[in-house]
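Residue numbers (our numbering), protein chains in the order written: chain P, 1 to 346; chain G, 1 to 346.
Check the hints yourself; a few may be wrong.
DEER-style ranges, computed between Cβ atoms [to be verified]:
1) G:Gly326 with P:Asn228: 29 to 37 Å
2) G:Glu36 with P:Asp233: 32 to 40 Å
3) P:Asp50 with G:Ser255: 51 to 59 Å
4) G:Asn228 with P:Lys77: 46 to 54 Å
5) G:Asp179 with P:Ser260: 37 to 45 Å
Calculated pairs, SDA-like style, for lysine to any residue (alpha carbon to alpha carbon, straight line, at most 20 Å) [said to hold, decoys possible]:
6) P:Lys230 with P:Thr244
7) P:Lys2 with G:Lys2
8) G:Lys76 with P:Gly6
9) G:Lys222 with P:Leu11
10) G:Lys76 with P:Gln7
11) P:Lys222 with G:Pro75
12) G:Lys222 with P:Leu34
13) P:Lys76 with G:Lys77
14) P:Lys225 with G:Lys222
15) P:Lys77 with P:Leu100
16) G:Lys77 with P:Gly101
17) G:Lys76 with P:Lys230
18) P:Lys225 with G:Lys27
19) G:Lys252 with G:Ser274
20) G:Lys27 with G:Thr46
21) G:Lys77 with P:Gly6
22) P:Lys230 with P:Leu11
23) P:Lys222 with P:Gln256
24) P:Lys2 with G:Gly101
25) P:Lys2 with G:Pro43
26) P:Lys77 with P:Pro43
Covered stretches of chain P (in silico footprint by chain G; criterion: 3 or more residues with CB under 8 Å from a CB of chain G, positions within the stretch not fixed) [stated by the list, open to error]:
27) 49 to 59
28) 78 to 90
29) 125 to 131
30) 174 to 188
Worth flagging that the hints you see were computed from the coordinates, not collected in a lab. Cβ coordinates follow ideal geometry from the N, Cα and C atoms, glycine included.
Number of protein chains: 2
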Amino acid sequence: MKRQIGQQTLLFENRPYVIGSAGIVSKSESEGPLAESFDRIEPDDTFGQDSFEKAERTLYLETIRLACQKSGLQPKKLSALLGGDLLNQLITSNYAARELGVPYLGLYGACSTMSESLLLGSVLVDAGFRSPVACVACSHFSTAERQYRYPLEMGTTAPPTAQRTVTGAGCVLLADRADSDSRYSHIRISSATIGTVIDLGINDIANMGAAMAPAACDTIQKHLKDMNRKSSDYDRIVTGDLGTLGSELLCKLCSQNGISLSNVHMDCGASIYSPEQGYNCGGSGCGCSAVVLTGHLLPQLESGALKRILFLATGALMSPTSCQQGESIPGIAHAVVLEHAEGGEA
Amino acid sequence: MKRQIGQQTLLFENRPYVIGSAGIVSKSESEGPLAESFDRIEPDDTFGQDSFEKAERTLYLETIRLACQKSGLQPKKLSALLGGDLLNQLITSNYAARELGVPYLGLYGACSTMSESLLLGSVLVDAGFRSPVACVACSHFSTAERQYRYPLEMGTTAPPTAQRTVTGAGCVLLADRADSDSRYSHIRISSATIGTVIDLGINDIANMGAAMAPAACDTIQKHLKDMNRKSSDYDRIVTGDLGTLGSELLCKLCSQNGISLSNVHMDCGASIYSPEQGYNCGGSGCGCSAVVLTGHLLPQLESGALKRILFLATGALMSPTSCQQGESIPGIAHAVVLEHAEGGEA
């Protein structure tokens with residue numbers, strides 16, 4: 001049983017199945033180029049609640065319920081829920097978990113949460129500890145804005161390097177087998193690489209793409225080395241929310257390290273909005289990569305249009321307090337390999 | 001390979017070894033009954049830093065380094081670091097991980113973090129994904145007080161149900177084998193139970209013991225059922241930081257459910273300070289159970305004075321924002337079984 005590969009990579013010998021997913025977004029996301037791909041669009045970003053925090057929790061919960069419903073699974077049958085969000089003390093995730101009443105593990109990886117939850121969910125399923133499990137990440141523009149930046153009422157102008165926090169949640173269901181009720185039966189997770197924290201000294205909190213790009217580069221490098229692969233062994237290398245500027249930096253950094261990302265790189269943050277929407281460098285937030293994965297990428301993996309992707313959600317690990325104390329912004333990226341698999345049933 | 005037992009329990013067939021540990025505390029903890037047991041006492045709670053947040057980070061980092069040093073392990077050789085703290089965005093843990101440069105997974109379980117990290121660390125080691133790994137939890141009175149309650153300068157009086165956040169960090173090193181350099185070679189982790197979020201409607205943030213007791217009771221019940229055991233099959237059932245009042249409630253709740261905890265229950269929060277110190281219901285914070293585990297319990301497991309314990313760190317999953325919005329306090333408890341094992345080398 002050789003599951004530890006190289007420096008940072010885990011090999012999933014039983015290759016957990018993606019059996020279902022859901023992604024829910026709000027108005028801004030419905031006006032972007034990926035609008036068609038989302039499972040549900042809720043134009044009212046309060047989700048019928050009297051606070052944005054409760055709205056975010058509703059979004060999180062409904063996304064899990066929708067993923068289960070689409071896969072013919074009772075939410076109560078979830079053998080574990082692994083998830084997180086951006087709010088202090090993970091209140092979105094914690095209170096949603098209270099409603100579901102299933103075994104719950106709270107994760108904090110900032111915007112890297114979607115790949116952290118997929119990585120740990122795959123570990124639990126691959127080794128026979130749990131199945132099925134739900135892996136979730138969620139963010140909301142209005143809660144993030146007031147917690148991390150300024151009161152919404154101030155109407156602050158965003159600088160050109162800024163990104164807009166995506167209002168969205170994505171949930172991926174993993175299991176040790178596919179069955180006929182599963183929405184998906186041709187997507188499997190074959191390996192993953194745990195990220196290390198990398199900090200090159202960026203301290204501009206309106207330029208998170210630059211802060212996270214080095215971490216993404218580091219994980220890509222280590223993953224390729226551990227797996228003895230080239231970037232061209234992937235149909236897509238997908239980063240979470242580097243945005244347009246961060247993506248440029250990533251390609252440059254990788255190129256300096258002998259890795260070509262041209263033709264293969266895609267960034268969820270740079271893809272979710274159109275330039276006309278005026279959101280500067282694109283989308284961010286842990287919901288960003290979660291909804292692009294569930295809406296845009298998984299269907300292509302199921303159909304075989306994509307054969308193998310490396311999915312790296314990227315996180316900026318600072319807090320308003322650490323920045324006020326003069327700290328720079330550390331980044332992290334965890335990577336998960338999703339593959340199209342012929343056959344279906346295990 | 002049957003690793004999923006009952007509703008919520010994981011069986012570790014390879015029973016990961018605890019190969020080392022460290023616990024560092026500050027002045028208040030050094031004046032309590034467990035003072036002798038801690039690896040290091042740092043009377044200056046700034047740890048030589050210019051902010052309490054940086055102090056906490058130093059505490060976290062030095063605890064990991066001390067655990068490694070005591071076990072003859074280079075920190076760079078850690079194959080994964082799983083940890084968390086109580087600060088917004090886990091800045092203690094994230095910035096400490098930046099210094100270490102090892103694969104890192106950030107966890108948020110409030111004061112349940114020590115057992116959450118032991119549970120996931122055991123999963124990684126048991127299934128051959130990673131070894132050795134470090135599992136860490138840390139809290140600091142002065143950072144927690146100002147983030148969760150009032151500015152220290154106000155000198156607010158604590159109500160009788162309150163507990164004092166422990167300034168302390170604990171680190172446990174797990175590996176797939178014991179070797180002669182290991183500090184410990186007779187402690188193994190045999191199973192664990194993932195908690196569910198339980199909320200009976202307590203909304204007094206100065207009474208967290210009462211908020212967490214139902215979650216502890218729920219996990220104990222499910223663990224015993226899943227493992228087909230009685231409470232007397234354990235030398236100790238150890239809860240994290242219910243404090244004196246929460247402990248009473250737990251014993252009552254368990255008794256109502258047919259589980260007797262008399263002679264077997266111990267609460268870290270109720271044990272770390274003496275009543276003369278005037279900290280009301282005792283200690284709290286995720287560092288509390290972490291230092292009592294590493295200082296007080298592990299040596300007894302190594303010697304065989306304790307044969308088998310159920311360790312449940314307990315977490316209150318609210319935030320100041322959720323409480324201000326009228327929410328009650330959800331609790332969670334994850335359980336890990338640590339056993340004295342004859343033999344030593346695998």
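Here is what the structure says about each hint:
1. G:Gly326 with P:Asn228: 29 to 37 Å: violated, 55 Å
2. G:Glu36 with P:Asp233: 32 to 40 Å: violated, 56 Å
3. P:Asp50 with G:Ser255: 51 to 59 Å: Distance hint for aspartate 50 of chain P, serine 255 of chain G is violated at roughly 40 Å.
4. G:Asn228 with P:Lys77: 46 to 54 Å: With a Cβ separation near 22 Å, asparagine 228 of chain G and lysine 77 of chain P fall outside 46 to 54 Å, so the hint is violated.
5. G:Asp179 with P:Ser260: 37 to 45 Å: Given a distance of about 43 Å, which is inside 37 to 45 Å, the answer is holds.
6. P:Lys230 with P:Thr244: violated, 24 Å
7. P:Lys2 with G:Lys2: holds, 19 Å
8. G:Lys76 with P:Gly6: Distance of about 14 Å is within 20 Å: holds.
9. G:Lys222 with P:Leu11: Not satisfied, since the Cα-Cα distance of roughly 31 Å exceeds 20 Å.
10. G:Lys76 with P:Gln7: Holds. Lysine 76 of chain G to glutamine 7 of chain P sits at ~11 Å (cutoff 20 Å).
11. P:Lys222 with G:Pro75: It holds: about 19 Å lies between the C-alpha atoms, which stays within 20 Å.
12. G:Lys222 with P:Leu34: Status violated; Cα separation ~44 Å.
13. P:Lys76 with G:Lys77: violated, 40 Å
14. P:Lys225 with G:Lys222: violated, 43 Å
15. P:Lys77 with P:Leu100: holds, 10 Å
16. G:Lys77 with P:Gly101: violated, 38 Å
17. G:Lys76 with P:Lys230: violated, 26 Å
18. P:Lys225 with G:Lys27: violated, 47 Å
19. G:Lys252 with G:Ser274: The given pair, whose Cα atoms are some 23 Å apart, is violated under the 20 Å limit.
20. G:Lys27 with G:Thr46: holds, 11 Å
21. G:Lys77 with P:Gly6: Holds, at roughly 12 Å.
22. P:Lys230 with P:Leu11: holds, 17 Å
23. P:Lys222 with P:Gln256: At roughly 15 Å apart (the allowed maximum being 20 Å), glutamine 256 of chain P and lysine 222 of chain P satisfy the hint.
24. P:Lys2 with G:Gly101: violated, 24 Å
25. P:Lys2 with G:Pro43: violated, 46 Å
26. P:Lys77 with P:Pro43: violated, 30 Å
27. 49 to 59: holds (count 3)
28. 78 to 90: holds (count 7)
29. 125 to 131: holds (count 6)
30. 174 to 188: violated (count 0)
When held up to the earlier numbered hints, the structure conflicts with 1, 2, 3, 4, 6, 9, 12, 13, 14, 16, 17, 18, 19, 24, 25, 26, 30 and fits the remainder.
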